[in-house]
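K.L.:
Using the sequences provided together with the hints, build the complete structure.
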Amino acid sequence: MQVCVILSTELHFDKGMLAVVAKRHTVFWNSTNTRLTAGDLSVQLNFNDYLDIHCPHYPNEEAVGHRQPETLALYLVGEESFQGCCNTPFAPYGPVRFSEKIQRFTPFSLGFEFLPGRHYYYSSLPTDEGPPLPCMKLRVTVCCAPSEYTPLFICCFFHAHPAPLCTPRHSFLCLSHLCYMDCIASCLDFCLSL
Numbered sequence: 163m164q165v166c167v168i169l170s171t172e173l174h175f176d177k178g179m180l181a182v183v184a185k186r187h188t189v190f191w192n193s194t195n196t197r198l199t200a201g202d203l204s205v206q207l208n209f210n211d212y213l214d215i216h217c218p219h220y221p222n223e224e225a226v227g228h229r230q231p232e233t234l235a236l237y238l239v240g241e242e243s244f245q246g247c248c249n250t251p252f253a254p255y256g257p258v259r260f261s262e263k264i265q266r267f268t269p270f271s272l273g274f275e276f277l278p279g280r281h282y283y284y285s286s287l288p289t290d291e292g293p294p295l296p297c298m299k300l301r302v303t304v305c306c307a308p309s310e311y312t313p314l315f316i317c318c319f320f321h322a323h324p325a326p327l328c329t330p331r332h333s334f335l336c337l338s339h340l341c342y343m344d345c346i347a348s349c350l351d352f353c354l355s356l
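Numbering (my numbering), first residue to last: 163 to 356.
FYI, nobody ran anything at the bench for these hints, they're computed from the structure.
Do not rely on the hints blindly, as some may be mistaken.
[To be verified] Calculated pairs, EDC-like style, for lysine to aspartate or glutamate (alpha carbon to alpha carbon, straight line, at most 20 Å):
{"hint": "1", "residue 1": "Lys263", "residue 2": "Glu275"}
{"hint": "2", "residue 1": "Lys185", "residue 2": "Asp214"}
{"hint": "3", "residue 1": "Lys185", "residue 2": "Glu242"}
{"hint": "4", "residue 1": "Lys185", "residue 2": "Asp290"}
Just so it is clear, the structure is predicted and the values come from calculations on it, not from any experiment.
P.N.:
Structure, rendered in structure tokens:
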């Protein structure tokens, strides 16, 4: 059995296959979410995680009754605006969802790039078509600031073969970026050569 695990970057190798581990974080963006209206909802995300924001949705017009459906415009704003979207409440195929992939670099020219250790803010305003609604806001923190961790990972585990660049216990503490990259490259080469 050959298994290679790199914990600090959340990359996992199993029999030469590469998979990136990511989480999905869901927020239902409507006025019944009291954490949004109070302004105290904060989510911490890692790179490659997804933030899924679900807009208000009603199964049909009768579900709203005599009230107007919530329609909102959602913005990614700066902290100043945060301190101080969603305009299809009857979408025929279910609620509208916006997904934001948290990544350092984006392949899209208009995509947003996130930095580790920084805070980002989402806020919404009601549209003219909907009822008056309270300001709803969300703070997102991207993990981790460079000083918050030192990469510590298990380089490789092999029952019959010693792993390259690993201590006798098959673990390796990287003390510099160069050392970290060398260990990953050697571990990848070794794992993929099997």
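K.L.:
Take a quick look at whether lysine 185 and glutamate 242 sit within 20 Å of each other, Cα to Cα.
P.N.:
Violated. Lysine 185 to glutamate 242 sits at ~29 Å, over the 20 Å cutoff.
K.L.:
Does aspartate 214 lie within 20 Å of lysine 185 when you go C-alpha to C-alpha?
P.N.:
Satisfied, since the Cα-Cα distance of roughly 10 Å is no more than 20 Å.
K.L.:
Tell me if the straight-line CA distance from lysine 263 to glutamate 275 falls inside 20 Å.
P.N.:
Distance of about 9 Å is within 20 Å: holds.
K.L.:
Would you check the hint for lysine 185 and aspartate 290, treating anything up to 20 Å between C-alpha atoms as holding?
P.N.:
The given pair, whose Cα atoms are some 35 Å apart, is violated under the 20 Å limit.
The structure does not agree with the numbered hints 3, 4 stated previously, though it agrees with the rest.
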